[in-house]
Structures are given as structure tokens and as C-alpha cells.
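Let's have the full structure, built from the sequences with the hints guiding it.
Here the working numbering runs 416 ahead of the position in the sequence shown, where the first position is 1.
Check before you lean on any hint, since a few could be wrong.
Okay, the calculated beta carbon distance ranges per label pair [stated by the list, open to error]:
| # | residue 1 | residue 2 | range |
| --- | --- | --- | --- |
| 1 | P506 | G449 | 15 to 23 Å |
| 2 | A459 | T502 | 21 to 29 Å |
| 3 | K419 | G487 | 37 to 45 Å |
| 4 | F467 | E420 | 14 to 22 Å |
| 5 | G449 | E420 | 27 to 35 Å |
Bear in mind the hints are in silico, worked out from the structure with no lab data behind them. As the structure is a computational prediction, the values presented were derived from the model and not from experiment. Even glycine gets a Cβ: it sits at the ideal position worked out from N, Cα and C.
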Amino acid sequence: MAKELTPVEAFLAPLAKIARQHREIEGLVFWGGDGWDPSPSEALEAEEIVFYAEGLLIDGFHMDWALVADGDAPDHLRLCFWQEGTPPPPVAAPWRVIDEARWTG
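This is the structure:
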């Protein structure tokens, strides 16, 4: 019998799939609160992304993720976290979003 996923696990399942398919992809972490810095605060390796995000979601953070492409090829995952304030701005050109989702608890 298959284990039923928690809401957090179900939300993160697409990220886990992307990390398995694109083992070289990085997760670029952005933090909100008093605005959004245009530069990431850190870069995660593919195998770190889901573990990192899961702990923050369980602790009550919001998350917005986007699989970002440069042309047709996936380039990185944009991982935005915040507790209060406005969600992150859209991904800016010349980047293109292939897939995205938002968790607000």
C-alpha cells in the first residue's frame, strides 16, 4: 500500500522529480521580508533542495519556486521564501519559466 503524502510532500514532489531528472541543476535561494534582493543568498545542489525547503515549509514559511530556462534548456530553480510581506516578483526577462508553484501554508 502506497504511503499517502502530506501536503508539504505533495507540494515538493515536482521539485524532487526535477532534481532527479536534472542532477546538475542548482537551486538559487532568495529571501523576502523587507523586499526582494535581486541576487540569491545561496545556491543549493540538486540533492539539497527538497530537504532544505521541507524544513522551512514545516516551520511556517511561504515558498514560491520556478524552474527557469535560458532558451529551451532548464538553467536553475528559483526558490523564494518569506513569512510576511509580499510574494516575490515574477521572473524577469530574458529568463523563461518552464514550471512553477507557490505554497502559502
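Taking the hints in turn, this is what the structure says about them:
1. P506 <-> G449: 15 to 23 Å: Because 18 Å falls inside the window, the suggested range holds.
2. A459 <-> T502: 21 to 29 Å: holds, 24 Å
3. K419 <-> G487: 37 to 45 Å: holds, 38 Å
4. F467 <-> E420: 14 to 22 Å: holds, 20 Å
5. G449 <-> E420: 27 to 35 Å: holds, 34 Å
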